[in-house]
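**Student:** Okay, here's what each chain looks like letter by letter:
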Amino acid sequence: MNPLRIACLWFSSPLEADELERFAEACLRFSPQIALRARQTIFIEIGKSRTLFSEETFIQRAQVLLRKFGFRERNITVGGAVRSRAIDALLAARYGTHLPEALPLDALSLVLDPFKESELPTTEKMITALQALGLRSLRDFMSLPPHELPSRFGAEGRLCRLHLERGEFTWPTFVPREVIEESRELADDEQCGTLEPLLFYTKSLLDRLFARLHGRGLRLTRLQARFELERFSTVRKPVHEWDFDLMLPQGSATGVLPILRERWDRDLQREPLEALVIRLRFTVLETAMGYEGQRNFFHAREDQTEKMNSVASHLRESLGAEKVFRASLVEDRIPEKSWRKLEKNEKSAAIDLTDQIPLRPTRLVQPEAIQIAADEVTFRRRRWRIERRSEVERISAHWLDGLQVRNYVRLDLERGPSLWVFEDSNGFFLQGFFE
Amino acid sequence: MPKLVCLQQHLQQLREKIGALQGGVSRDVFSLPDSLEIPRGALIELTGDRTLEWLCGFFREYRALNVFWAEPEFTVLPTALAQRGVNLDRFLFAETGSLSSQSSSQERLFKALRLALRGQVFECLVAPHLFFANSLEEEKTLKALQLLAEKANATVFFIPSFDEPRGSAAWPIAMRLKISRASDDGISVTVLKDKTRGIA
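Top to bottom, those sequences are chains A and B. With my numbering, letter number 129 in the first sequence gets 129, and the count goes up by one each step, no holes. All you need for my numbering is the position in the second sequence, starting with 1, plus 1000.
Hints were generated in silico from the structure; no laboratory data involved. Values in this document were obtained by computation on a predicted structure and should not be read as measured data. Errors might be hidden in some of the hints.
Computed list of chain B residues with no C-beta within reach of chain A, every gap over 10 Å [what the hints assert, rightly or not]:
{"no.": "1", "residue": "1028"}
{"no.": "2", "residue": "1031"}
{"no.": "3", "residue": "1039"}
{"no.": "4", "residue": "1040"}
{"no.": "5", "residue": "1053"}
{"no.": "6", "residue": "1063"}
{"no.": "7", "residue": "1065"}
{"no.": "8", "residue": "1079"}
{"no.": "9", "residue": "1111"}
{"no.": "10", "residue": "1137"}
{"no.": "11", "residue": "1146"}
{"no.": "12", "residue": "1151"}
{"no.": "13", "residue": "1181"}
{"no.": "14", "residue": "1188"}
{"no.": "15", "residue": "1190"}
Residues from chain A that keep clear of chain B, each with C-beta distances beyond 10 Å, as calculated [claimed, not checked]:
{"no.": "16", "residue": "74"}
{"no.": "17", "residue": "231"}
{"no.": "18", "residue": "351"}
{"no.": "19", "residue": "412"}
In the BS3-like style, the derived pairs of lysine-lysine whose C-alpha atoms are separated by at most 30 Å in a straight line are [stated by the list, open to error]:
{"no.": "20", "chain 1": "B", "residue 1": "1143", "chain 2": "B", "residue 2": "1178"}
{"no.": "21", "chain 1": "B", "residue 1": "1195", "chain 2": "A", "residue 2": "203"}
{"no.": "22", "chain 1": "B", "residue 1": "1143", "chain 2": "A", "residue 2": "307"}
{"no.": "23", "chain 1": "B", "residue 1": "1195", "chain 2": "A", "residue 2": "344"}
{"no.": "24", "chain 1": "B", "residue 1": "1195", "chain 2": "A", "residue 2": "323"}
{"no.": "25", "chain 1": "B", "residue 1": "1111", "chain 2": "A", "residue 2": "203"}
{"no.": "26", "chain 1": "A", "residue 1": "203", "chain 2": "A", "residue 2": "68"}
{"no.": "27", "chain 1": "B", "residue 1": "1193", "chain 2": "A", "residue 2": "307"}
{"no.": "28", "chain 1": "A", "residue 1": "116", "chain 2": "A", "residue 2": "68"}
{"no.": "29", "chain 1": "A", "residue 1": "307", "chain 2": "A", "residue 2": "341"}
{"no.": "30", "chain 1": "B", "residue 1": "1140", "chain 2": "B", "residue 2": "1178"}
{"no.": "31", "chain 1": "A", "residue 1": "337", "chain 2": "A", "residue 2": "323"}
{"no.": "32", "chain 1": "A", "residue 1": "323", "chain 2": "B", "residue 2": "1140"}
{"no.": "33", "chain 1": "B", "residue 1": "1151", "chain 2": "B", "residue 2": "1195"}
{"no.": "34", "chain 1": "A", "residue 1": "237", "chain 2": "A", "residue 2": "203"}
{"no.": "35", "chain 1": "B", "residue 1": "1111", "chain 2": "A", "residue 2": "323"}
{"no.": "36", "chain 1": "A", "residue 1": "48", "chain 2": "B", "residue 2": "1003"}
{"no.": "37", "chain 1": "B", "residue 1": "1111", "chain 2": "A", "residue 2": "307"}
{"no.": "38", "chain 1": "A", "residue 1": "347", "chain 2": "B", "residue 2": "1111"}
{"no.": "39", "chain 1": "B", "residue 1": "1151", "chain 2": "A", "residue 2": "323"}
{"no.": "40", "chain 1": "B", "residue 1": "1193", "chain 2": "B", "residue 2": "1140"}
Each residue gets a CB set at the ideal place from its N, CA and C atoms; glycine is no exception.
Use the sequences and the hints to build the structure in full.
**Tutor:** As structure tokens, then:
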């Protein structure tokens, strides 16, 4: 069994409601075993991940993550420590050491239960009583005879002693929130009413959003953006919403930002914001499974795929949803039905057409009426001399679609590309070119 | 600690082997049979009546290339590409829209190519010949594409259509190839222009 190595991060002031949970969600990238204490402390068991990263690497990566969540800008300092016991990690993160001689008696409130804040008023009374007796540190507390503790300080005194000696606790469960959402309130002096400031604030929000998605091993496929404007009587539309349905899953803010910029640039030119934005909110509507492999281990394939997904989604945003696509084959002899556009995140079907159907033309056009004489074909007001004809391929149509039986033939012209024509009851039609 | 050093050495060896497997392709040219070399990071114009057949052969040879195929009106048949051994998983197609005015349709096509080149993820791009109302604009557009292609180290193939068999022949085009049907039903390639070898 692997020894426990518990990392504890202690925030200098309580975080906003659910902020610690959001940060914990991003920390799921390190380990699935996470616990929270009130709104100020997070525990991560990293012992089982020691083959993936060292403690030094963990500290560096945690620092990057902390920067993404912008604690420094709000003057929130974070103490961190990695120890074998949760209680030692908590004490070290909070006071810089876990040695009893250096810890004040106030630390007993943490010792009572490292995963839960004590709600009992008696804890405070016990600490005051101990101080009145002249005790100064946890070492002094540990020197008291254990059998005298219950009679003087009740169950709490005994529990504190036991926890300091053994340090065994039941690890609580952490369940991340169902909805992944990031928002930010904007002050008047932030002057957020045009594209550039919007993108500036969006970047940090998306960074957090993607950190949380990464923690859960997910990638983004659909995102909702919402701007709330100042509520003046002149503002006709106080809320603007956009739904970004991405062609391929995205794993970083840098891939999504150009797509947002493209859409906002177009929409805000048509309909500028009537007032300053006071609140930005991004909600993840759909996700896809993330990468399974470790990035940049042997190659940079994951980064390449990420970049490709971003470019494809940007092209789709720019040209239109149906206009950018990947193709997959369909087992159908009718040429126009022999392939289809892939839905988003869909993998192409493995169909081998070798020797299954005769060679199809490289270009397929809408059927165009033509005239064929003995050795001449006339279309687009020009005549072409036929050099050679292929055998006829009869393609039976789908009776449901009301298509007729077609007899296809390839015509090699004396000059120019070969033609693919068919004949039905209405005459001859050109449908493709062998270019 | 010596174990860690040993592991790091093994890891380095593995990386080198993977690099050797992936790095079989030169960064400057695509080499083809008959000592034909297609430059990377350049604009290539194809003319003749067997251009797509030749392109299929090229993509069959270089199956791992990421290809962006853009047309104002989508006419290429993916089934035909797959029949000729092309790996469709590596292809991203775009229909840029054939608008009423030819210039705006060309602008949309140019925009799509520019976006794809800026992404620097596609090694090859295929598009029909670009035509603009005035030659200065056309040259400017092609020059912009050439610079982007060079930066992305991507090759842009301009292909003809039945109605537009010839391209612009503007100076940013690095290579012009005429691909036609040979007498034995094969494909014959004639180099009409190759800046790198001084054929103009």
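**Student:** A separate judgement is required for each hint: does it hold in the structure or not?
**Tutor:** Results of checking the hints against the structure:
{"no.": "1", "hint": "1028", "result": "holds (20 Å)"}
{"no.": "2", "hint": "1031", "result": "holds (23 Å)"}
{"no.": "3", "hint": "1039", "result": "holds (22 Å)"}
{"no.": "4", "hint": "1040", "result": "holds (17 Å)"}
{"no.": "5", "hint": "1053", "result": "violated (7 Å)"}
{"no.": "6", "hint": "1063", "result": "holds (14 Å)"}
{"no.": "7", "hint": "1065", "result": "holds (12 Å)"}
{"no.": "8", "hint": "1079", "result": "violated (4 Å)"}
{"no.": "9", "hint": "1111", "result": "violated (7 Å)"}
{"no.": "10", "hint": "1137", "result": "holds (21 Å)"}
{"no.": "11", "hint": "1146", "result": "holds (20 Å)"}
{"no.": "12", "hint": "1151", "result": "holds (14 Å)"}
{"no.": "13", "hint": "1181", "result": "violated (8 Å)"}
{"no.": "14", "hint": "1188", "result": "holds (14 Å)"}
{"no.": "15", "hint": "1190", "result": "holds (16 Å)"}
{"no.": "16", "hint": "74", "result": "holds (36 Å)"}
{"no.": "17", "hint": "231", "result": "holds (38 Å)"}
{"no.": "18", "hint": "351", "result": "violated (8 Å)"}
{"no.": "19", "hint": "412", "result": "violated (8 Å)"}
{"no.": "20", "hint": "1143/B x 1178/B", "result": "holds (22 Å)"}
{"no.": "21", "hint": "1195/B x 203/A", "result": "violated (44 Å)"}
{"no.": "22", "hint": "1143/B x 307/A", "result": "holds (25 Å)"}
{"no.": "23", "hint": "1195/B x 344/A", "result": "violated (41 Å)"}
{"no.": "24", "hint": "1195/B x 323/A", "result": "violated (35 Å)"}
{"no.": "25", "hint": "1111/B x 203/A", "result": "holds (25 Å)"}
{"no.": "26", "hint": "203/A x 68/A", "result": "holds (10 Å)"}
{"no.": "27", "hint": "1193/B x 307/A", "result": "violated (34 Å)"}
{"no.": "28", "hint": "116/A x 68/A", "result": "holds (27 Å)"}
{"no.": "29", "hint": "307/A x 341/A", "result": "holds (21 Å)"}
{"no.": "30", "hint": "1140/B x 1178/B", "result": "holds (24 Å)"}
{"no.": "31", "hint": "337/A x 323/A", "result": "holds (18 Å)"}
{"no.": "32", "hint": "323/A x 1140/B", "result": "holds (26 Å)"}
{"no.": "33", "hint": "1151/B x 1195/B", "result": "holds (18 Å)"}
{"no.": "34", "hint": "237/A x 203/A", "result": "holds (24 Å)"}
{"no.": "35", "hint": "1111/B x 323/A", "result": "holds (14 Å)"}
{"no.": "36", "hint": "48/A x 1003/B", "result": "holds (20 Å)"}
{"no.": "37", "hint": "1111/B x 307/A", "result": "holds (19 Å)"}
{"no.": "38", "hint": "347/A x 1111/B", "result": "holds (28 Å)"}
{"no.": "39", "hint": "1151/B x 323/A", "result": "holds (26 Å)"}
{"no.": "40", "hint": "1193/B x 1140/B", "result": "holds (20 Å)"}
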